[in-house]
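Participant: Given the sequences, and given the hints that come with them, work out the whole structure.
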Amino acid sequence: MSTNRSFPGQPGYSRQFHPAGGSKAADFYSRGKDLSDVTLGQFAGKRKVLNIFPEY
Numbered sequence: 018m019s020t021n022r023s024f025p026g027q028p029g030y031s032r033q034f035h036p037a038g039g040s041k042a043a044d045f046y047s048r049g050k051d052l053s054d055v056t057l058g059q060f061a062g063k064r065k066v067l068n069i070f071p072e073y
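Per my numbering, residue 18 is the first one in the sequence shown, and the count goes up by one each step.
It is worth saying that the hints were derived from the structure and are not from the lab. Be careful, since some hints might not be right.
When the alpha-carbon atoms are kept at most 35 Å apart in a straight line, the in silico DSBU-like pairs for lysine-lysine are as follows [claimed, not checked]: (1) Lys50 with Lys63; (2) Lys65 with Lys50; (3) Lys63 with Lys41; (4) Lys41 with Lys65.
Facilitator: Right, here's the structure in full:
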């Protein structure tokens, strides 16, 4: 399901995808505090909380 939404001053698009509870996230990378690449796989076996904020 897709919806068009409006963000402050800009049109936005939202793909309504909600993973099932207990499903595993695909491996991805982000940036660490020192701007090095950090992958989800580096934290295997540890509890993780992912806070994801969109960039506009």
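Participant: Quick one, are Lys65 and Lys50 close enough, alpha carbons at most 35 Å?
Facilitator: Holds: Lys65 and Lys50 sit about 17 Å apart, inside 35 Å.
Participant: Verify the proposed pairing of Lys41 with Lys65, using a straight-line Cα cut of 35 Å.
Facilitator: Within the cut-off at roughly 11 Å; holds.
Participant: Does Lys63 pair with Lys41 here, judged by a C-alpha cut-off of 35 Å?
Facilitator: Given pair Lys63, Lys41 holds - Cα atoms ~13 Å apart, limit 35 Å.
Participant: Within 35 Å, alpha carbon to alpha carbon, are Lys50 and Lys63?
Facilitator: Satisfied, since the Cα-Cα distance of roughly 19 Å is no more than 35 Å.
Of the numbered hints listed earlier, not one is contradicted by the structure.
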